[in-house]
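Asks: What follows is each chain in one-letter form.
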Amino acid sequence: MNVNPLYHQTSSAIHEELEWINEAKNDTQRFAPLYKKYHEQIFRYVYQRMDDEEMAFDVTSQVFMKAMNNLHKYEYRGVPFSSWLYRIAKSELYQSFRDKKALRTVNIDTVQVYHVIDEIDGDENEENKQRLISTIAKLKDDDIQLIEMRFFEKRSYKEIGEILDISENNAKVKSFRALEKLKKLFNN
Amino acid sequence: MDKIKINLDRTKLSSEYIQSKQNFTQITSQALIKSSLFKSAWFYGGAGIASIAGILFIALNSQKKNTYETKITLAKNELTTKITQISQINSPPKDAGAKGISSKPTNKVDSRTELSDNLLAKSSSVLDNEKELLQVGTSHAIAQPIEIAIETKHSTIPKKNRLPNISGFYSGELPLEKLCSKGIEVNEEVQILSFKIQYATVKGDKFLTIQGAHIPSKICKDISELGIDQMIFLTEILGKNETGKIMNFTPMNFTCLIEE
Numbered sequence: 506m507n508v509n510p511l512y513h514q515t516s517s518a519i520h521e522e523l524e525w526i527n528e529a530k531n532d533t534q535r536f537a538p539l540y541k542k543y544h545e546q547i548f549r550y551v552y553q554r555m556d557d558e559e560m561a562f563d564v565t566s567q568v569f570m571k572a573m574n575n576l577h578k579y580e581y582r583g584v585p586f587s588s589w590l591y592r593i594a595k596s597e598l599y600q601s602f603r604d605k606k607a608l609r610t611v612n613i614d615t616v617q618v619y620h621v622i623d624e625i626d627g628d629e630n631e632e633n634k635q636r637l638i639s640t641i642a643k644l645k646d647d648d649i650q651l652i653e654m655r656f657f658e659k660r661s662y663k664e665i666g667e668i669l670d671i672s673e674n675n676a677k678v679k680s681f682r683a684l685e686k687l688k689k690l691f692n693n
Numbered sequence: 037m038d039k040i041k042i043n044l045d046r047t048k049l050s051s052e053y054i055q056s057k058q059n060f061t062q063i064t065s066q067a068l069i070k071s072s073l074f075k076s077a078w079f080y081g082g083a084g085i086a087s088i089a090g091i092l093f094i095a096l097n098s099q100k101k102n103t104y105e106t107k108i109t110l111a112k113n114e115l116t117t118k119i120t121q122i123s124q125i126n127s128p129p130k131d132a133g134a135k136g137i138s139s140k141p142t143n144k145v146d147s148r149t150e151l152s153d154n155l156l157a158k159s160s161s162v163l164d165n166e167k168e169l170l171q172v173g174t175s176h177a178i179a180q181p182i183e184i185a186i187e188t189k190h191s192t193i194p195k196k197n198r199l200p201n202i203s204g205f206y207s208g209e210l211p212l213e214k215l216c217s218k219g220i221e222v223n224e225e226v227q228i229l230s231f232k233i234q235y236a237t238v239k240g241d242k243f244l245t246i247q248g249a250h251i252p253s254k255i256c257k258d259i260s261e262l263g264i265d266q267m268i269f270l271t272e273i274l275g276k277n278e279t280g281k282i283m284n285f286t287p288m289n290f291t292c293l294i295e296e
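For the record, the sequence lines run as chains A and B.
Using the numbering used here, the first residue of the first sequence is number 506, and each one after it goes up by one.
Using the numbering used here, the first residue of the second sequence is number 37, and each one after it goes up by one.
Keep in mind that a hint or two might mislead.
Below 25 Å or equal to it, Euclidean Cα-Cα: the simulated DMTMM-like pairs (lysine to aspartate or glutamate) are [as the list claims (entries may be wrong)]:
{"#": "1", "chain 1": "B", "residue 1": "39", "chain 2": "A", "residue 2": "597"}
{"#": "2", "chain 1": "B", "residue 1": "39", "chain 2": "A", "residue 2": "559"}
{"#": "3", "chain 1": "B", "residue 1": "254", "chain 2": "B", "residue 2": "272"}
{"#": "4", "chain 1": "A", "residue 1": "595", "chain 2": "B", "residue 2": "45"}
{"#": "5", "chain 1": "B", "residue 1": "242", "chain 2": "B", "residue 2": "278"}
{"#": "6", "chain 1": "B", "residue 1": "48", "chain 2": "A", "residue 2": "521"}
{"#": "7", "chain 1": "B", "residue 1": "57", "chain 2": "A", "residue 2": "648"}
{"#": "8", "chain 1": "B", "residue 1": "41", "chain 2": "A", "residue 2": "631"}
{"#": "9", "chain 1": "A", "residue 1": "659", "chain 2": "B", "residue 2": "45"}
A partial selection of chain B residues facing chain A, derived with a Cβ cut-off under 10 Å [as the list claims (entries may be wrong)]:
{"#": "10", "residue": "46"}
{"#": "11", "residue": "49"}
{"#": "12", "residue": "55"}
{"#": "13", "residue": "63"}
{"#": "14", "residue": "88"}
Just a sample of chain B residues kept apart from chain A, beta carbon distances all over 12 Å, derived [stated by the list, open to error]:
{"#": "15", "residue": "40"}
{"#": "16", "residue": "103"}
{"#": "17", "residue": "104"}
{"#": "18", "residue": "107"}
{"#": "19", "residue": "204"}
{"#": "20", "residue": "218"}
{"#": "21", "residue": "257"}
{"#": "22", "residue": "276"}
Don't read these hints as lab results, they were simulated from the structure.
Ideal Cβ positions, reconstructed from N, Cα and C, are used throughout, including at glycine.
Throw the hints in and build the complete structure from the sequences for me.
Replies: Here it is in structure tokens:
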């Protein structure tokens, strides 16, 4: 499993980021380094769950605007700043789904599909690939999120836990259960 | 979530392309507009002040309206009372209906009509500021006496007269002979016990307590000796009704006319 270097930072990097945050609290122009650092990451998170590229850029902009406006509320609690941004992004995303501005989309690569098939002890063939795609669509959104983050975005359980505001262990258990559900549906 | 779309092998966007779409200036300006409008102390301060001003305006306006309405109500009440008095004066003792007033002989109205006019004029002055009401009130009272009587008939004010009078005069100008002929009267049930009178003599003002309802001939003589019209004040008029209850009646004042 690859590790997101932007998410799992060294303590010095985290401290540097905290300085930027404190400066940005007093001067919005000082938010620029944080924006540059996390824009792509947040955009990819949003675009992974959306079909429309322009809409994904719009939602990303909304996320950073909200972050800037609510920066005074941000408190460092030992988790990276990006986990806070992810939560804002999730909230904005689901708001756009509720407003029917965007359609919930799952973007998968064939390689990732075969990887999941392998995880659920299936044979890697075209038929199973199509079956898995249709099975994913039958899952509940909470389960899709976990499968998506774990297998399609290659996130660590720690990162998943921090984004979903649950413990690392809980993220691991929930991801396992989601995979079990997928397996059950796939084999039926 | 109603529907989920699944895309397989969608073209990946390059990091360069995503970075090219970064626009921090736009984010800052939009964030500033939002925060400056809704988050600033000025916004809340302004909104707060506007709210307080609005509340004060409404409160003051309603108070003003209340005062205005109270004024109108008081004026209305006063007018109704006066009109009632007039109708009572004008109606014959045993037939107080509307018919009585309309069939009343015109030659007998004379000074009483004057009194009615005086009372109405007084009432009108109370309503100086309420022109509309004044017009309605006076026009009904003067131009259509029959209608007044009808209104009085349905009024809640008791029919029995409770205002003291001398020879049917309640206030205003009163010839000396009428002042001295009959005593103070209220109605058949009331017997006047005493009253105080203030008048001028050649030796100066006098303030006396009189037992009974009649003005003593000594006082009439004093007034006559002065030889000029003067104001007579009758106060602390006490009387008792059929049940023996002692009652204090409204004071009166007259301009006593000395006829030459």
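Asks: Hint by hint, note whether the structure agrees.
Replies: Now the hints, each set against the structure:
no., hint, result
1, B:39 - A:597, "holds, 18 Å"
2, B:39 - A:559, "holds, 20 Å"
3, B:254 - B:272, "holds, 20 Å"
4, A:595 - B:45, "holds, 23 Å"
5, B:242 - B:278, "violated, 32 Å"
6, B:48 - A:521, "violated, 31 Å"
7, B:57 - A:648, "violated, 32 Å"
8, B:41 - A:631, "holds, 19 Å"
9, A:659 - B:45, "holds, 16 Å"
10, 46, "holds, 5 Å"
11, 49, "holds, 7 Å"
12, 55, "holds, 7 Å"
13, 63, "holds, 5 Å"
14, 88, "violated, 27 Å"
15, 40, "violated, 5 Å"
16, 103, "holds, 49 Å"
17, 104, "holds, 49 Å"
18, 107, "holds, 54 Å"
19, 204, "holds, 86 Å"
20, 218, "holds, 92 Å"
21, 257, "holds, 98 Å"
22, 276, "holds, 84 Å"
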